[in-house]
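Protein chains: 4
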Amino acid sequence: MSDLHWKTGICKIKPNEVRLRGYRVDELMGQISFGQVVYLALKGDLPSENIGKMIDAVLVSSIDHGATPPSALTAMTIASTGAPLNAAIAGGILAINKLHGGAIEDCMGALLQVDDKIRARQISIPVAVNELVTEYKEVGRRISGFGHRIHTEDPRTIKLFQLADSLKIGSHFIAIAKEIETELAAQRGKRLPINVDGAIAAVLCELELSPALANAFFMIARLPGLVAHVHEEQTRQRPMRAIHPENHEYDGPADRSL
Amino acid sequence: MSDLHWKTGICKIKPNEVRLRGYRVDELMGQISFGQVVYLALKGDLPSENIGKMIDAVLVSSIDHGATPPSALTAMTIASTGAPLNAAIAGGILAINKLHGGAIEDCMGALLQVDDKIRARQISIPVAVNELVTEYKEVGRRISGFGHRIHTEDPRTIKLFQLADSLKIGSHFIAIAKEIETELAAQRGKRLPINVDGAIAAVLCELELSPALANAFFMIARLPGLVAHVHEEQTRQRPMRAIHPENHEYDGPADRSL
Amino acid sequence: MSDLHWKTGICKIKPNEVRLRGYRVDELMGQISFGQVVYLALKGDLPSENIGKMIDAVLVSSIDHGATPPSALTAMTIASTGAPLNAAIAGGILAINKLHGGAIEDCMGALLQVDDKIRARQISIPVAVNELVTEYKEVGRRISGFGHRIHTEDPRTIKLFQLADSLKIGSHFIAIAKEIETELAAQRGKRLPINVDGAIAAVLCELELSPALANAFFMIARLPGLVAHVHEEQTRQRPMRAIHPENHEYDGPADRSL
Amino acid sequence: MSDLHWKTGICKIKPNEVRLRGYRVDELMGQISFGQVVYLALKGDLPSENIGKMIDAVLVSSIDHGATPPSALTAMTIASTGAPLNAAIAGGILAINKLHGGAIEDCMGALLQVDDKIRARQISIPVAVNELVTEYKEVGRRISGFGHRIHTEDPRTIKLFQLADSLKIGSHFIAIAKEIETELAAQRGKRLPINVDGAIAAVLCELELSPALANAFFMIARLPGLVAHVHEEQTRQRPMRAIHPENHEYDGPADRSL
Chain A
24 MSDLHWKTGI CKIKPNEVRL RGYRVDELMG QISFGQVVYL ALKGDLPSEN
74 IGKMIDAVLV SSIDHGATPP SALTAMTIAS TGAPLNAAIA GGILAINKLH
124 GGAIEDCMGA LLQVDDKIRA RQISIPVAVN ELVTEYKEVG RRISGFGHRI
174 HTEDPRTIKL FQLADSLKIG SHFIAIAKEI ETELAAQRGK RLPINVDGAI
224 AAVLCELELS PALANAFFMI ARLPGLVAHV HEEQTRQRPM RAIHPENHEY
274 DGPADRSL
Chain B
24 MSDLHWKTGI CKIKPNEVRL RGYRVDELMG QISFGQVVYL ALKGDLPSEN
74 IGKMIDAVLV SSIDHGATPP SALTAMTIAS TGAPLNAAIA GGILAINKLH
124 GGAIEDCMGA LLQVDDKIRA RQISIPVAVN ELVTEYKEVG RRISGFGHRI
174 HTEDPRTIKL FQLADSLKIG SHFIAIAKEI ETELAAQRGK RLPINVDGAI
224 AAVLCELELS PALANAFFMI ARLPGLVAHV HEEQTRQRPM RAIHPENHEY
274 DGPADRSL
Chain C
24 MSDLHWKTGI CKIKPNEVRL RGYRVDELMG QISFGQVVYL ALKGDLPSEN
74 IGKMIDAVLV SSIDHGATPP SALTAMTIAS TGAPLNAAIA GGILAINKLH
124 GGAIEDCMGA LLQVDDKIRA RQISIPVAVN ELVTEYKEVG RRISGFGHRI
174 HTEDPRTIKL FQLADSLKIG SHFIAIAKEI ETELAAQRGK RLPINVDGAI
224 AAVLCELELS PALANAFFMI ARLPGLVAHV HEEQTRQRPM RAIHPENHEY
274 DGPADRSL
Chain D
24 MSDLHWKTGI CKIKPNEVRL RGYRVDELMG QISFGQVVYL ALKGDLPSEN
74 IGKMIDAVLV SSIDHGATPP SALTAMTIAS TGAPLNAAIA GGILAINKLH
124 GGAIEDCMGA LLQVDDKIRA RQISIPVAVN ELVTEYKEVG RRISGFGHRI
174 HTEDPRTIKL FQLADSLKIG SHFIAIAKEI ETELAAQRGK RLPINVDGAI
224 AAVLCELELS PALANAFFMI ARLPGLVAHV HEEQTRQRPM RAIHPENHEY
274 DGPADRSL
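Residue numbers (our numbering), protein chains in the order written: chain A, 24 to 281; chain B, 24 to 281; chain C, 24 to 281; chain D, 24 to 281.
Worth flagging that the hints you see were computed from the coordinates, not collected in a lab. One thing to keep in mind: the hints can contain errors.
Because identical chains cannot be distinguished in the list, a pair is counted as satisfied if it fits within a single copy or across any two copies.
The calculated PhoX-like cross-link candidates involving lysine-lysine, where the alpha carbons are at most 25 Å apart (straight line), are [to be verified]:
| # | residue 1 | residue 2 |
| --- | --- | --- |
| 1 | K30 | K201 |
| 2 | K213 | K121 |
| 3 | K66 | K37 |
| 4 | K213 | K160 |
| 5 | K37 | K213 |
Extracted from the complex, chain A is given alone in its bound form:
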């Protein structure tokens, strides 16, 4: 039999000691936020408190978007058959793909392409963005992260960019994203505002996170929302009901503020 010994750099477990990326988990508890530990788990080093706040805000921004997204409908449909919670959640996660949640990764790709142009040839953001938008247009490809079927001015985008500024996270990729919005409007004569996926993409680029992890942030953010929908389905709805994908109304708490 071949030698199957292998190595991993994530966790070290000893009796009465659990370390994540070198830190004792019990030391991290109560000291660092969930956003910080997510970054630590994925990037390998502990981020500043501000980065943790930024990640928390990213996660809060995408915690739920109602009952119409396919991930919520999938999770509710599975739940209605009597499935355990984790099966319904796994189903919901299987619906997070290129066309639902995947815009973050694709948009990060576009932002990084612009950045590559800037670095390689020492050109300005507007010049690089003009090139990219033209290139995409020539091959008939959409730039992900711009435009939304419901929102024309996504309040979550505005807040993410405000926080990136006040928390001193960075402005380079946000400037690129805004320039793409401007250039798209110029070339297409139609406004396609940066949506929440595009805004998250810019923030994750500022944080030097890999596009391969983009979907992870959407999944981590959305999981509690999916749980809420599954729990509501299990406790409030008739089993095996036919779930209309649009014909529902909100009857939760009235509008309120912090």
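Starting from the structure of chain A, add chains B, C and D where the hints point.
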């Protein structure tokens, strides 16, 4: 066709407005922690900052436990076949069941049974716990959340209980859990210390969360850990390798402190 | 490290030789039907040709039931997000639970309970069935496998029972199922005809298959149907469409006969 | 609300009538094989009896390949945590990807590319194959479906080709596959025999099935095998055991023949 109109109390979506349980999501961003928003999504009301800190600590406590748990092995095995990230994560979540992660829910059930006894008959914690432990023993049933295959004194348990105290979360269910540990030692002549699942169970009982949501906390906590293992598999390991479930060593950052 | 050596009785693999339960797979190919090899895989021994025909008929009976079952809706919803085929199928399979597909297992349980009564006390089918139906009624429990939301006389049930007779599969559990139908009508004053799940349950009992495997037959049967729905979604429908769970019409080939 | 009416060409359901692609399912039961109904579901028309036999042989060929493939290990790992059968199976299906099962689709792509060359330019099989193998070599791409980590002369390949001949399924794509094997040996100086995935690819091309459905045949075939492994795990093994991916031995029925 039947009328398929239905109601949901989780999210309200209007153009340029996304509300979770009545609150504008963009207002929540930057103001409340991920732990608070998880509670808001699942319970329907915004918790205190302390409760948010407690939930963050619960989530941090279970973020990962190395490469041997079946959820990590499942996610890595699927990833090794060339699967996209979400498929590997969905697989990992399917491995979170009665015997892995499920202890939280079962332990909450036991703690709530003791509490029922106390309330119904105005008896003391030790009397109620003695009854419960005896009842379980008679039917040959284990009480979940006690004992661990590796840890004899789980540092995460100690920290969760310290935080529950300093954050003024409550002490009733923690006292019950500790009494069960004492009673198990007395009846069995063998120490079965409260493990991290048992400690989380006590904390979630203090927070009046439903046992039906216990597994959700484990899934939310563990998801970033699963992503870390999948990403490591994808970027560091040979595709289609045979993954030994134990024969690995840690080669990540050296021990360090905050 | 502990010795992890383990044993399995399913397949033996050597260079240029693949054996299932002792038989060379290449010898089985072309000689035995898929129904026979399913039985061989699950029970460990090769069944008669007639049993193979019966299993093929069971699988054909449940290959699809249109686009309204939750497994089909789940698979289509996931497919609409750009998921690969296997993710959509996995989602569909997660929707096969107690309330969808699960009736076979529950009905087998009821049929075996009646059989236990008969064997233990040498009583007749009608006496045993009367007891069981009364017992279920007293605790307010439905007997699975009887009644259908669409069909009053399921043609698949009729054919399964005809085939069980002509293929000499057995008649004992079918007689029990028919007696339950009679008794339910007598006690409730309302006809709840044996549905296809109930009929499959009776057939699987005749074949001495474990109720723990009941769901497997439904999943094996339905998988090609789920693939057909996913493929249709991928090739015919607009991505990310809202999928109405009922408001569709059939536009495939006209009615035809063999 | 938008009009969500949609159309589907797979099943027509009326009270007491279930039709698949126009045929009454109860008429199909007992008259056509599972292989035939799979083809009917996926292609829309009833195939000849010989095609049904060929598909049955394809399904039998891939029903299982022991406990080392990642789909089996995934399903067993999930099962060991106390998961229900369908969750373990869904997990196994999530492990059927590009590198496990996916070779059929990729090989079909290569065979169809050769066929395109032949049709477009009226060239011979050897000339077209020489071109393709050279093209793949130049870009450093493997042709899927050739070579096996265990088998040097896969008996399932031999049998599939024999059956394709005796059942008069076709010989064109099989000839292409064999020529690729010859050309690979010539160009690389090393024999990479057609494996079972390559042989299935050739057969599915003869049957004019879409490469997009290739993975479906692997999933349909392998599902009973996965069920067998899950059932064995549930009934024979200790829950939560560490599952060694290779260190097992076969202890099932001794070698036997039909």
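Structure-based check of all given hints:
1. When the C-alpha separation of K30 and K201 is checked against a cutoff of 25 Å, the pair qualifies neither within a copy, at 42 Å, nor between copies, at 37 Å.
2. Taking CA atoms no more than 25 Å apart as the test, K213 paired with K121 passes inside one copy only; the shortest distance there is 24 Å, against 40 Å between copies.
3. Proximity of K66 and K37 under a CA criterion of 25 Å is satisfied intra-copy only: 23 Å inside one chain copy versus 36 Å between copies.
4. In the homo-oligomer, the alpha carbons of K213 and K160 lie at most 25 Å apart inside one protomer (14 Å), although the nearest pairing across protomers, at 46 Å, exceeds that limit.
5. For the identical chains of this complex, K37 and K213 are inter-copy neighbours only, at 22 Å across copies versus 59 Å inside a copy, given an alpha-carbon limit of 25 Å.
In terms of the numbered hints stated before, the structure departs from hint 1 and from no other.
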